Amino acid sequence: MNVSATPPKAGAQPDTAPKLSGGRNIAMKVPPHQYDETVRFYRDVLGMEQIEELLPAVGFRFGANQLWIDRTPGMSQSELWLEIVTDDTKAAAARLEAAGIVRCDEIEPLGESFDGFWISSPAQIIHLVDHKSGAW
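Under the numbering used here, residues 273 to 408 are what the sequence shown spells out, in order.
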């Protein structure tokens, strides 16, 4: 028995902690009065390649990422929403709850069969946490 071993650092996650990583999806929530011009900007001005296979969703290839432009009634200004993918959404939810991160699932319905949930960062950036197998 090695009695000189140092104890784990405070807040360290056990080896069984879920893996969390940035997903490739970025959602831009845009008010209706700015939507058409925003789509035109990315499609016509910047010449970004539009993602055709998931129509009617409007998205563009954005380097290694996908930028989705969502018409969002009731908003006065645009917001960016990010994706975090995990190998275990239940364990990720428990880890985030233990860290004091509050879920905000009411922000947008995901559907009962969707394996994921919404959180907000301390800077009020919305993140979709979903299983890596379900990410677009």
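Since the hints were derived computationally from the structure, they do not count as laboratory data.
Small disclaimer: the values here were computed from a predicted structure and weren't measured.
For every residue, glycine included, the Cβ atom is placed at its ideal position computed from N, Cα and C.
A hint or two may mislead.
What the hints assert, rightly or not - Within a straight-line C-alpha distance of at most 30 angstroms, the following computed DSSO-like cross-link-like pairs (lysine-lysine) qualify: (1) K301 <-> K404; (2) K404 <-> K291; (3) K291 <-> K362.
Claimed, not checked - Have a look at the derived ranges for each label pair, beta carbon to beta carbon: (4) A363 <-> I397: 16 to 24 angstroms; (5) G319 <-> A363: 13 to 21 angstroms; (6) K291 <-> P345: 30 to 38 angstroms.
* C-beta pair G319, A363: status relative to the range 13 to 21 angstroms that was hinted -> violated (41 angstroms)
* Are K291 and K362 close enough, with their CA atoms no more than 30 angstroms apart? -> The hint holds at about 12 angstroms.
* **Consistency of beta-carbon spacing, P345 to K291, with hint 30 to 38 angstroms** => holds (36 angstroms)
* Starting from the hint 16 to 24 angstroms, judge whether the C-beta atoms of A363 and I397 obey it. => Because 22 angstroms falls inside the window, the suggested range holds.
* To do: Mind checking the alpha carbons of K301 and K404 for me, to see if they're no more than 30 angstroms apart?
  => At roughly 22 angstroms apart (the allowed maximum being 30 angstroms), K404 and K301 satisfy the hint.
* Asked: Are the Cα positions of K404 and K291 separated by 30 angstroms at most?
  -> holds (10 angstroms)
Checked against the numbered hints given earlier, this structure breaks only hint 5.
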